[in-house]
Amino acid sequence: MKRIVAFLMVAVMLLAFGTTALAEAKTMVTFALWDENQKPMFDEIVAKFQEENPGIEVEIQLTPWSQYWTKLDAAMGAETAADVFWMNTYLPKYAAAKVLEPLNSYIEQDQLDMDAYVAVVRDAYVIDGQSYALPKGMDTVQVFFNKAIFEKHGVDLPHEGWTWDDMVKLATQLKEGIDKAASGEYPIVMELDPQPSYFNFIPQDGGFIINEDRTKAGFDQEGTVNSYKKVLALMADGIMPDFKVLSDTKGTDLFLSQKAAILFMGSWKAMLLDDASFAEHIGLVPMPKMDNSNVSVLGGLGFAMNAKAKDKEAAWKLIKYLAGEESNKMQAEGKIDMPALISAQQYYAPNFKHLDASVFFKVAETGYFFPTSQKVAEWLPVVMDVSTQILSGAVSPEAGCQMIQEQMQAILDSEQ
Amino acid sequence: MHLALVLLSFITLAPFVWMLLTSFKTFEESVQMPPDILPQAWNLINYRIVLNKFPFAMFYWNTFAMMGMTVAVQLVVCSMAGYAFARLQFPGKEFLFTLCLALLMVPGQIFLVPHYDIMVRLKLTNSITALWLPKIFSAFGTFMLRQFFQGLPKSLDEAAMIDGSGFFGIYARILLPLVKPALISLAILTALSAFKDLMWPLIVNNAMDKMTLSAGLAMLIGEHTTIYPQVMAGSALAVWPMILLFLMFQKHFVEGIALTGIK
Amino acid sequence: MKSRARNQLRRGEILAGYSMIAPLYIGLIVFYLFAFGQNIYDSLTNKSSFGVPDFVGLANYIKMFKAPYFYQALQNTLMYVVICVPLVVVFSVLVAVLLNVGVRGTGAYRTLSFLPAVTLPAAIALMWKWLLNYEFGLINALLNAFGISSIAWLSDPQVVLFAVSMVFVWSSVSYQVIVLLAGLQGISSNYYEAARIDGAGRVQQFFSITLPLLSPSIFFVMVTSIINVFQIFDIIYLIIPQYSSGTAASRSLATFFFEEAFIKFQKGYGAAIAVALFVVIMVVTLAQMWFQKKWVHYDE
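Residue numbers (this note's numbering), protein chains in the order written: chain A, 134 to 549; chain B, -13 to 249; chain C, 185 to 484.
Careful: at least some of the hints might be erroneous.
[To be verified] Looking from chain A toward chain C, a few residues come up when the C-beta cut is under 10 angstroms (computed):
#, residue
1, Ser199
2, Asp206
3, Val232
4, Asn359
5, Lys383
6, Ser390
7, Pro514
8, Asp518
Worth flagging that the hints you see were computed from the coordinates, not collected in a lab.
We treat Cβ as the ideally placed atom computed from N, Cα and C, and that holds for glycine.
Throw the hints in and build the complete structure from the sequences for me.
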């Protein structure tokens, strides 16, 4: 009996040593991302990469969005962060903390053509002439609408080139029809986090969130205050449900349950909406024009490298592959992301069963990149928190904007 | 009387029943107002989606490994200390025991930032060890087991001593078997509170495949959309193991919990 | 010779004592005493995610005492205590007494009513989040059926604290009932017989026998409820929707701590909030100990 046990133990130990020895022969690169909907596609992309680079083993670490930044910060502190990770608008914070590997020398060494990417997205990851990430994809914000509800109440459909006032008119007609039929739909819904709502309205109405050299907050601008007032007016007129309703159930969920005619939403939910049971009735149109324009926020992701990556050459190979033609084609065909790589954009739109995804590219042409600065992680929560108070009626737009302006400007002033 | 009991059971059960019913509905059925009570068909699609999207097998494994380790190590650590405090004389005993009791009253949040930093320093974040390591040193468990050891007749020790047993032998072979009911109760209480804990697992393990059921459930509320039939399916999947254990060992559960109330 | 042997035995006992409490004490020292001190120290630094923390003196405490959200969280927490504790105590006594009456099928009723005690708080929060949903929740559907308009349980700042309290009470009564049932079963039936002979009715028996003799258990229920409510977190964290207008009105001290320390990752500031929570609970615990002597009836 004892002998068998001893034998087994030796066998287990040999096995354990054996596998570690084998594993050491390969270079391990860890790769962190946050979207569980995209992970299956990245499993495939990484498998292909490993086929082409047999010496490199990639481990994908999925961390949910709600935990992603916390974990990244913690892991950076503990030096256990992944070698390659998704980055977005928070990039300046990490670049300033010098935890991201500067990529210019790699790009030069491989003579990578950076003009192959959409310029706004590419430039979003450049700080003082230094690139810190290769672009992955981009998100645009536009209006989705449920044609069936418009037709049911005999109201004209929204069309490109419409204005905010046009929208209010249509929504008012909708409301009359809905009230008459007592059918209980909402004319307009939104999700009131910044990207799909007020971060678009602020510049559309002539205000700004942060100026171009990232030194001044724009919440003292008249246009900024007005944009909040216009959203509040929609609620006051009863053509958009009030904040309590919108904060309890996400706008997209209301739209998906066919309880809403007009939805302001990002392209990141396009795949979800295309799979809805009533998707053939969903129309797409760029946002209505406010006083100034109808520019919308362009969000995006990039692949960045940890400055403490164990094997930087291997990590760079992975990044180059992830941002390259093959990977972008797979992501586009899987509808998981609009490629920032121009040559791969053709693969995206044709895969939608019902939605006209060409609208996204049209919107992208005038998009401006999600506002950011070094301490974005400090001021963005302030903006979100006070905006919630404004939109729920707890403070007036004037007072709220002043609160944001003071706090945000103080944070910006402490940056240099 | 019966009416009151029926009402009570209804209030208790209705949320569970609604959770189960919703978990079989399609999204369209779930958002229909006024709602139908029963799903049109008993389909398992929501369960399949949730099981596909989230590593439930890992959630179960992490949860039960954590509970097992917490219980096993805590019982050993606390029963030894409980025995020593009850039966042995050594200088400083009163002081050390009082100190131990004082820690009972300190709210847990005050330790979390340092605990987290300890785990980071030991490179234990995102591991099962991190889930149980800070939980095994229980002042409550020590206190409770000490009470039980004190309740045993002193003559047991003396007889064993004459037979040549050492202190450790007396603890392990003579007394420990006699406090088995207390050990079971403590095991159940410890397992239950480890099972329910949310904050610590949320803090220390962020990788999806290192989460417990409790923290994993927090991930069901999606970033993109909240499909409640799927959320309810996930909740049902997280809830049944403990309910099953409870139904199997109801007597021990009740005794264990009741014991906490007896001072 | 004999005393030497005894000395040796005595030394053995001391050695055994220390070595058997050693594992516990190593843990207590590292994970509690050291951690406590470390937390106090952290609260005096600007510790965040990366970079070496600087000593900032009382800056975190000053920031906390200037933050409206701190006072609101403190106030909310006290409100939770004021609402939940009496409700938990009253309902758990009532349910325990009800379940203690030997009608047919009591066993089954007991099993059912214990279920919330063994259910994950996270799952309870999600279950109720769905029931209380503004648009599609069953509760609003029932209200509508009776002609009452929908209530934004989880987003209306006026309501959300009560909604969370309701769920908390629902989830914690069942555990306390188990404790109280044990207490009830410890009351000798002689008392009731004597009372019956004296002609006392059921209600009178309840007030003159059950309540006083159950007071140690009730006290225990009260103490544990107070401590649990002061640390209320799980339900709030999961039941309140993201970006909700009910966030501020439902935030407890524990939630505030979690957000600052582990979402915004301002660990120094979070540590200061943890100290505040500690002080509040300490004051209440001491007050309770003093208060206990006044009304709890211990059967000697």
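How the hints compare with the structure:
1. The interface hint given for A/Ser199 is met, as the beta carbon of that residue sits about 8 angstroms from the closest beta carbon of chain C, less than 10 angstroms.
2. Restraint check, A/Asp206 versus chain C: the minimum CB separation of about 3 angstroms is within 10 angstroms; hint holds.
3. Below 10 angstroms, beta-carbon pairs count as interface contacts, and A/Val232 has one with chain C at about 7 angstroms; its hint therefore holds.
4. A hinted interface residue such as A/Asn359 counts as satisfied when its beta carbon comes closer than 10 angstroms to some beta carbon of chain C; here the least separation is about 22 angstroms, so the hint is violated.
5. Checking A/Lys383 against chain C: minimum C-beta separation of about 8 angstroms stays under 10 angstroms; hint holds.
6. Of the supplied interface hints, the one on A/Ser390 holds, with its beta-carbon coming within about 7 angstroms of a beta-carbon of chain C, less than 10 angstroms.
7. Look at A/Pro514: its Cβ gets to within about 7 angstroms of chain C, closer than 10 angstroms, so that hint holds up.
8. Hint on A/Asp518 holds. Least Cβ distance to chain C is approximately 8 angstroms, under the 10 angstroms limit.
Of the numbered hints listed earlier, the single one contradicted by the structure is hint 4.
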